[in-house]
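Colleague: For the record, in the sequence shown the residue sitting at position 143 is 151 according to this note's numbering, with numbers rising by one throughout.
Derived from the structure by calculation, the hints contain no laboratory data.
Watch out, some of these pointers could steer you wrong.
Each pair of labels, with its calculated beta carbon distance range [what the hints assert, rightly or not]:
| id | residue 1 | residue 2 | range |
| --- | --- | --- | --- |
| 1 | 114 | 380 | 18 to 24 Å |
| 2 | 136 | 210 | 38 to 44 Å |
| 3 | 365 | 156 | 24 to 30 Å |
Since the model is a prediction, treat every value here as computed from it, not as a measurement.
Where is the CB? At the ideal position from N, CA and C, for every residue including glycine.
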Amino acid sequence: MRLDQLSVMLRPRDPWEATDLGIALWRRHFGAIMRAWLGLSLPVLALLSAFAWSIDALWLAFLMMWWLKPWFDRVPLFVLSRAVFGSVPTTLQTLRARELYRPGLFAWLSWRRLHPARSLLLPVDLLEGVGGARRAARAAVLLRAVGAQSLGLVCAFAAIEFALLVSVFVVCLMFVPTEFLTVKARALWSTMFQSPPRWAQLLTLCVYWTSASLVEPIYVAAGFGLYLNRRTQLEAWDIELVFRRLAARARALAEVAAALLPAALLCAALAGVATPARAADKPPPPTITPAQLLGESARPPDPRFERALDKAYADPALARSRKFTHWVLRTDAKQREQAPEPMPDWLKAIGWILAAIAEYGLWGLAAVLLLLLLWRLPRWLPWVKRQLRSEAELPQVQEEALPEALPLPDDVPGAVRALWSAGRQRDALALLYRAGVERLAARLELSFPPGATEADCLRRARRLEDEAARASFTQVVRTWQRAAYARQFPDDESFDALLSGWSQRFPVAA
Numbered sequence: 009m010r011l012d013q014l015s016v017m018l019r020p021r022d023p024w025e026a027t028d029l030g031i032a033l034w035r036r037h038f039g040a041i042m043r044a045w046l047g048l049s050l051p052v053l054a055l056l057s058a059f060a061w062s063i064d065a066l067w068l069a070f071l072m073m074w075w076l077k078p079w080f081d082r083v084p085l086f087v088l089s090r091a092v093f094g095s096v097p098t099t100l101q102t103l104r105a106r107e108l109y110r111p112g113l114f115a116w117l118s119w120r121r122l123h124p125a126r127s128l129l130l131p132v133d134l135l136e137g138v139g140g141a142r143r144a145a146r147a148a149v150l151l152r153a154v155g156a157q158s159l160g161l162v163c164a165f166a167a168i169e170f171a172l173l174v175s176v177f178v179v180c181l182m183f184v185p186t187e188f189l190t191v192k193a194r195a196l197w198s199t200m201f202q203s204p205p206r207w208a209q210l211l212t213l214c215v216y217w218t219s220a221s222l223v224e225p226i227y228v229a230a231g232f233g234l235y236l237n238r239r240t241q242l243e244a245w246d247i248e249l250v251f252r253r254l255a256a257r258a259r260a261l262a263e264v265a266a267a268l269l270p271a272a273l274l275c276a277a278l279a280g281v282a283t284p285a286r287a288a289d290k291p292p293p294p295t296i297t298p299a300q301l302l303g304e305s306a307r308p309p310d311p312r313f314e315r316a317l318d319k320a321y322a323d324p325a326l327a328r329s330r331k332f333t334h335w336v337l338r339t340d341a342k343q344r345e346q347a348p349e350p351m352p353d354w355l356k357a358i359g360w361i362l363a364a365i366a367e368y369g370l371w372g373l374a375a376v377l378l379l380l381l382l383w384r385l386p387r388w389l390p391w392v393k394r395q396l397r398s399e400a401e402l403p404q405v406q407e408e409a410l411p412e413a414l415p416l417p418d419d420v421p422g423a424v425r426a427l428w429s430a431g432r433q434r435d436a437l438a439l440l441y442r443a444g445v446e447r448l449a450a451r452l453e454l455s456f457p458p459g460a461t462e463a464d465c466l467r468r469a470r471r472l473e474d475e476a477a478r479a480s481f482t483q484v485v486r487t488w489q490r491a492a493y494a495r496q497f498p499d500d501e502s503f504d505a506l507l508s509g510w511s512q513r514f515p516v517a518a
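Could you put together the complete structure from these sequences and hints?
Modeller: Okay, structure coming up:
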């Protein structure tokens, strides 16, 4: 690996800062990544859509496009792994690269498909090419410090992808007028999700592929940034680069010195020939001390400077030793010196069996369920088709026109008393309430809006100057509310008092 050709500045970074580095690389090489991504994923989308359309199971195309994501992820990873060393591959070079098809692809499309740290561990297979126990050890070392961040990347980018998918349908509803929003939302739900036709399923599949194409390369780039930062921490790439620069500088200085050495020897020889013989009798030039060279006197330094220097060296930030406090196991010295007893072989075997069951048991169960699904698919698929095609018969909605309000009788108190005597208490109070509203509107010389509530009528009644009339109307409204909503009717004596009071306060209809 030619670290001196790296196009990024390597240094130990915080894990989230490392993901920012990967996203910055994605922005720089966006064109190369998206051209190769479209060149691989778009034909696969077309083939899967055609196959699913032919068998009338477009949901299968959704499932396969989601399942093949680890294969598509190799495209941005391959481009970034070459671009970070200064050589951006072309689209044809990316699609022809063997790294897209061979190392570890089957594993990532089978038992490793649901691994939460795919963006971090995919470079181990694609770039390092290790396998077996070495790969497991390598993955454990990489996940030791950034396992939580890799899981956070999966959750964050899955939420972003889902938000993009939903936002496309929400944007369509944003252009619908408010009065038609409920009807259009129900129509959109019925067309796209409840009983979607083929064109709606194909449109949803294209929207999903678009959202995945926008989000998935960023997710892979963020994981690649984590991978670069983790290897920088483990293998000290930044220190190695510094040493390589120092070595290159030393070689350059050596080459310059080798080129100037013959000229320096020639000048020295010419100076020795041209020097007179009497020059040897001259006294040697005076020796210049460093203090004289720097313009300092021979007197001792100022004591204040010495005290300031001692105070600076006493600062804990410049100390060469630090004090740490940590917890240790409280055991005797003899117990610490004794070597631990070896674990029995039978116990090791039991532990290995339990670990294997815990690690591979769930994957084995998932494989068995997948094989069962594939085995029963020919028998289940016709049933699924029938269920999708059958539409539930909705009951007929019965629509009835509301009866028009009848005009008030000439003798309202007599009509109300007749209804009360016939046992129709609710109808009697309703007629009294309606007559009170109309006579209130006539007295105030204003009209009530359609659908005015009892509270609206009470607020209008506050404009009456006659306090007794206002109290009588309020009593009529409250009695009607208790009868309409709580089925609490007054007795005959209270009803006669209510009706006589109302007749006195509102004697004439409009």
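Colleague: All hints, please: hold or fail.
Modeller: Here is what the structure says about each hint:
1. Judged by the Cβ atoms, the range 18 to 24 Å given for residue 114 and residue 380 holds: they are separated by roughly 21 Å.
2. Residue 136 and residue 210 have their C-beta atoms about 40 Å apart, which keeps the hinted 38 to 44 Å range intact.
3. Our hint of 24 to 30 Å for residue 365 and residue 156 holds, since their Cβ atoms are close to 26 Å apart.
Taken one by one, the earlier hints all hold for this structure without exception.
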